[in-house]
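Engineer: Going line by line, the protein sequences match chains A and B.
Basically my numbering = 1-based index in the first sequence + 1.
Basically my numbering = 1-based index in the second sequence + 24.
Some chain B residues flagged as far from chain A (calculated, every beta-carbon gap over 10 Å):
hint : residue
1    : Tyr35
2    : Leu39
3    : Tyr103
4    : Leu106
5    : Lys107
6    : Ser115
7    : Ser168
8    : Ser211
Within a straight-line C-alpha distance of at most 35 Å, the following computed DSBU-like cross-link-like pairs (lysine-lysine) qualify:
hint : chain 1 : residue 1 : chain 2 : residue 2
9    : B       : Lys66     : A       : Lys51
10   : B       : Lys209    : A       : Lys134
11   : B       : Lys166    : A       : Lys51
12   : B       : Lys174    : A       : Lys134
13   : B       : Lys66     : A       : Lys134
14   : A       : Lys152    : B       : Lys77
15   : B       : Lys182    : A       : Lys134
In case anyone wonders, no lab produced these hints; they're calculated from the structure.
Just so you know, even glycine gets a beta-carbon here, dropped at the ideal spot from N, CA and C.
Take a look at the letters that make up each chain.
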Amino acid sequence: MKIIILIVSFLLEGVISNFVSINGYFAPLFTLVSLIMICPLFDDSTNYYKYAFFSGLAYDLFYTDTIIFHAIIFCFMAFIIMRLNLVLTDNFINILIIVALSIVFYRIITYGILVFINSMSFDVLALVDSILKSLILNLIYSMLLFIIIKKFSRKKKYVYS
Amino acid sequence: MYKKRRFDKRYLFILVVIAIALVLVVLAVSLQKDRDLNPIEKVAKDIGTVVLKVVSAPFNFVHDNIEAMIEKDNVYEKYKELKNKEEQLDSVISQNDNLRSEVDKLKETLDLNTVLSDKVYLNATIVSRNIGYWYEEVTIDKGSKNGIEKDMAVVTPKGLIGKITKVSNYSSTVQLLSNDHMSDKISVKIKTKDDYVYGLISMYDSKTNTYTVEGISENVDIDKGADVVTTGMGTVFPSGLMIGKVKEVTTDNFDLSKVIEVEASVDFDDLDYVTVLKRVSN
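Taking the hints into account, I'd like the entire structure generated from these sequences.
Structural biologist: Written as structure tokens, this is what we have:
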């Protein structure tokens, strides 16, 4: 279940990128969203970090030309997502809040690193813009995933019940 | 016991600092724009391109069919538009032939093997677009096995979109002109009444889809709507690639030179098929 959600989301992110505007208001971050959604399905945090690392590595190799950039970022995001899951319970609204907060953290961290290593020039408006452009589509996708996981967990007596 | 705990904390702190420093060094190396892909990356990129092409195929099929259905409604208008263009075509073809023969004669006279505008064409399809948001890159389904090389110019029928920055066997990464680092200092020429004036692109604004061209003398008259094309100076872009049309002409803060807003001829949000140009060198 977890690996299927992750792989489908990963591929869907690549496919959807071809049908939305490059700088439009529907920037897909489906791999990150799927990582957030599958977090409560893990009993062991080490396993979750492994998923985060390898999905980030695949992201680097398949989609971007950065070697371990996303592998590290996704591991860090996994840490943040687990902390947020400890604070907020697994209901529909809280999951949306976790997704929104994770997207904000993800954008700030990636932008911060790119600026720090002099790959980009600093522009607060560009950062805010990137966050706003990432929220709509990814929140909708997280709702869809929530419904799918909930249906599945009813059968398997998983979390989200 | 107390001493041991203090030592452990210091040891941990040093380890964390070293780890962060190492991570930053690795990231700085991996994010270098002009680095070449290693063999593992090349293989992964090729596999990714094939997988994405297969997964995208049904989505593209539906998308193309919907677009074809929408276009069917405008067939008559398009027919009229094409008929008008066809009437002008004969004169353009004869003019083109005339210019081509003149260029050939001049090349013979000057004993030149190539001119700045000579190029070879390779067509490609975009398989993924700007994933990761910040990089302003697209991936195409042609690589070194198809003759693609680093720094080749990439165009659409509307104009220049960027250049090849990374090449694997069966896929390549195109850095778009919408990226800050790319559009900086591209040499362009603007058509005036009977000549060209030369300038440099200094930035791109994604909100208005315009480039800013600087370094143009104050006493030159430039009309709105004039064509802006590449000069062919430098090693990357051949001459005569369409950049856009003049949108607004202003002067800089010191009234010493003109600053020109150029509306990009390409819509960077709507890229599907591209052509890679290989510049022919002597």
